[in-house]
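Colleague: First to last, the sequence lines map onto chains A and B. Taking the working numbering, I'd label the letters of the first sequence as residues 871 to 1170. Taking the working numbering, I'd label the letters of the second sequence as residues 165 to 481.
Some hints could be false.
[As the list claims (entries may be wrong)] Quick partial rundown of chain A residues pointing at chain B, CB under 7 Å, derived from the structure:
{"id": "1", "residue": "H996"}
{"id": "2", "residue": "T1017"}
{"id": "3", "residue": "I1026"}
{"id": "4", "residue": "L1041"}
{"id": "5", "residue": "P1042"}
[As the list claims (entries may be wrong)] Ranges of calculated distance between the beta carbons of each label pair, as one might list FRET restraints:
{"id": "6", "chain 1": "A", "residue 1": "R896", "chain 2": "B", "residue 2": "P428", "range": "49 to 55 Å"}
{"id": "7", "chain 1": "A", "residue 1": "L969", "chain 2": "B", "residue 2": "K244", "range": "47 to 53 Å"}
{"id": "8", "chain 1": "A", "residue 1": "L969", "chain 2": "B", "residue 2": "N310", "range": "32 to 38 Å"}
{"id": "9", "chain 1": "B", "residue 1": "E232", "chain 2": "A", "residue 2": "S960", "range": "37 to 43 Å"}
{"id": "10", "chain 1": "B", "residue 1": "V447", "chain 2": "A", "residue 2": "P937", "range": "31 to 37 Å"}
{"id": "11", "chain 1": "A", "residue 1": "N944", "chain 2": "B", "residue 2": "G286", "range": "31 to 37 Å"}
{"id": "12", "chain 1": "B", "residue 1": "A182", "chain 2": "A", "residue 2": "L1030", "range": "40 to 46 Å"}
In short, the hints are calculated from the structure, not lab data. Where a beta carbon is used, it is the ideal one built from N, C-alpha and C, also for glycine.
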Amino acid sequence: MKKEKDYLKPYKKRRFFKPKEKKLNRSMAGNTLLFVLMAICGVAMVLPLVMVINNCLKPLDELYQFPPKIFVRNPTLENFSDLFTLMNDSWVPFSRYILNTIIITGGGMVGHVIIASLAAYPLAKHNFPGKNILFQMVVLSMMFSWTVTQTPQYMIISWLHINNSYWALVLPACAFGMGLYLMKQFMEQLPDSLMESARLDGGSEWTIFWKIVMPNVKPAWLTLAIFQFQQMWGNTGSTFLRDEDLKPLQYALQQISAGGTARAGAAAAVTFIIAAVPITFFLICQKNVLETMTSSGMKD
Amino acid sequence: MNGTNTENTVSQEALDIAKKQATLSYRIKRNKACYMMLAPYFILFFFFTVLPVVMSVAFSFTYYNMLEMPEFIGWKNYIKLFLEDDIFLTSLKNTLILAVITGPISYFLCLLFAWIINEFKGWLRAFLTLIFYAPSICGNAYVVWNLILSGDRYGYLNGLLMKLGILDEAIIWMKTEKYVLPMLIVVQLWLSLGTGFLSFIAGLQTVDKSLYEAAALDGVKNRWQELWYVTLPAMKPQLMFGAVMQITQSFAIADVSIQLAGNPSVNYAGATVVTHLLDYGTVRFEMGYASAIATVLFLLMVGSNMLVQKLLRRVGE
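Pulled out of the complex, with its shape left as it was, chain A reads as follows (with noise of 0.2 Å):
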């Protein structure tokens, strides 16, 4: 049984990956079933896009019709012209609120990233006393609400005096419980003989994290560092930051748009670019999750 299917694989395999080859367990009425019902969702998901594109495209009359209109008619880019100039007037040079935005989001994502995968890969292949208390931990940390316990989360902050710096930011977002717990379930998966060959040839926990280990779950951090820039993106850090040249850009932007009335142009295009950023980055590490796979054929 088991020679037959080894005298098979080979040449199934080369069928399987044939571009023009019909998938296998595909029938053309699930196929129909499945994208219709794709293309009917979609429209209604696609829906905060459109309009977000639209708005910042609608001069400023078309923003104020009533009853409001989806599709912009006269598009113009006159908003993002009035953007600039408000930009080139804000007290701080806006430069330093993207330098900030870098630090923080990036800081943020890059520290969380590295420091949750060092501990997740302990916690997914190795057994050690304290393993299922410390990974019980992160799981439920995640269910207490996250309003109550900013307070106390302030008062250590300062009481550390990491208050009105960078590391008020950065370093709880890196202790995120998430992050580990995504980690550890992909890393959880890949076969333990990847590991052990590894290690046989001498190479010691730190080279086997960082030439095995992460390489072969690039998929899921990845998508680690899509959440994770998501949530420093949208942070104002109003809360922790006072000097004004600390700030992020996430905090003057919202800052110009709170303007009013007559900003409302300004705003629409400070509504864009605050969804535009975190989409490119999403399409980018989408690209490259899927990527991954196909090219390493890392799986036994």
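Place chain B on chain A using the hints.
Modeller: Frame of chain A; chain B shown alone:
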């Protein structure tokens, strides 16, 4: 590693070594590298997550208005919560309804769409993922529902229903008690393709492709059988992760309700545990009471998590 070779050596010596290896301190020393890898995360985790949670639970036994020092009052917050606070009981009921309905449906939608999208390749696939993830990435995208559910006759839903002759006059959807909860459920379902969805998308990528060929040879006939017998068992870790994220989201519904129905909503029809918590925590500054609400919510989530994890172990059987 050296533990496995001891069987072949002299028995007394082996016994001593085995005894030594069984002690806790030896096992800790042996796994030194593990603890080194855990340290950076768990030090931060302790300061910024564990400690705040422990402090919040402690606050739940106090009267604390964020100006004066917290004052210990024992179980009073909890007694008030269950015996005197009618609004809490309403909000608890609403939360349970929302969670029980939207939780499982959202979870299956995430899985379904991730699974369909998995059939595509390249940039097309990335764009399709974006389209379905759009409500989660556009910040508070659910404000579009304010236009759809607007109470005048220009609201899209009212306009449509009146054009079709179903309604004679506009309904003020989010200010009519009986429509609030159903509408929140609809919006919440629309929002459901978030964290779980993306993790399923990534999880589907890690399923070993050769499993599908083997399954086809073993007599799996269609995509549904393939899903149940091959795909789902292979991505069990992601299913578990998705379930936990779904629980944390379904029980914590608040922003949608506040944006669409207001806080407080009409006769508390849209009140959830978290809107109630926000009311006490950020409006009335009764942090002790808010912490008690958070603790009850926490226990609720932990309980449902245990239930769901038990169910998920049976996938693919």
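Colleague: Has the hinted range 32 to 38 Å been met by the Cβ atoms of L969/A and N310/B?
Modeller: holds (35 Å)
Colleague: Would the hint on H996/A stand, with a C-beta cut-off of 7 Å toward chain B?
Modeller: holds (5 Å)
Colleague: Check the following: the C-beta atoms of A182/B and L1030/A are separated by a distance inside 40 to 46 Å.
Modeller: Given a distance of about 45 Å, which is inside 40 to 46 Å, the answer is holds.
Colleague: Have a go at the I1026/A hint: is there a Cβ in chain B nearer than 7 Å to its own Cβ?
Modeller: Holds, because the Cβ-Cβ distance from I1026/A to chain B comes to roughly 6 Å (cut-off 7 Å).
Colleague: When the nearest CB of chain B is found for L1041/A, is that gap smaller than 7 Å?
Modeller: Nearest chain B Cβ about 6 Å off; hint holds.
Colleague: Does P1042/A meet its interface restraint, that is, does its C-beta lie within less than 7 Å of any C-beta in chain B?
Modeller: holds (4 Å)
Colleague: Would the hint on T1017/A stand, with a C-beta cut-off of 7 Å toward chain B?
Modeller: holds (5 Å)
Colleague: Taking the CB of R896/A and the CB of P428/B, does the distance hold inside 49 to 55 Å?
Modeller: This hint holds: roughly 51 Å between Cβ atoms.
Colleague: Range first: 31 to 37 Å. Now tell me if the beta carbons of V447/B and P937/A are that far apart.
Modeller: holds (33 Å)
Colleague: Just tell me: holds or violated, for the beta carbon distance of N944/A and G286/B against 31 to 37 Å?
Modeller: Hint holds: Cβ distance 36 Å, inside 31 to 37 Å.
Colleague: Given the hint of 47 to 53 Å, check if L969/A and K244/B actually sit that far apart at their C-beta atoms.
Modeller: holds (49 Å)
Colleague: Given the hint of 37 to 43 Å, check if E232/B and S960/A actually sit that far apart at their C-beta atoms.
Modeller: Holds: the Cβ-Cβ distance is about 39 Å, inside 37 to 43 Å.
Violated hints: none; the structure is consistent with every hint.
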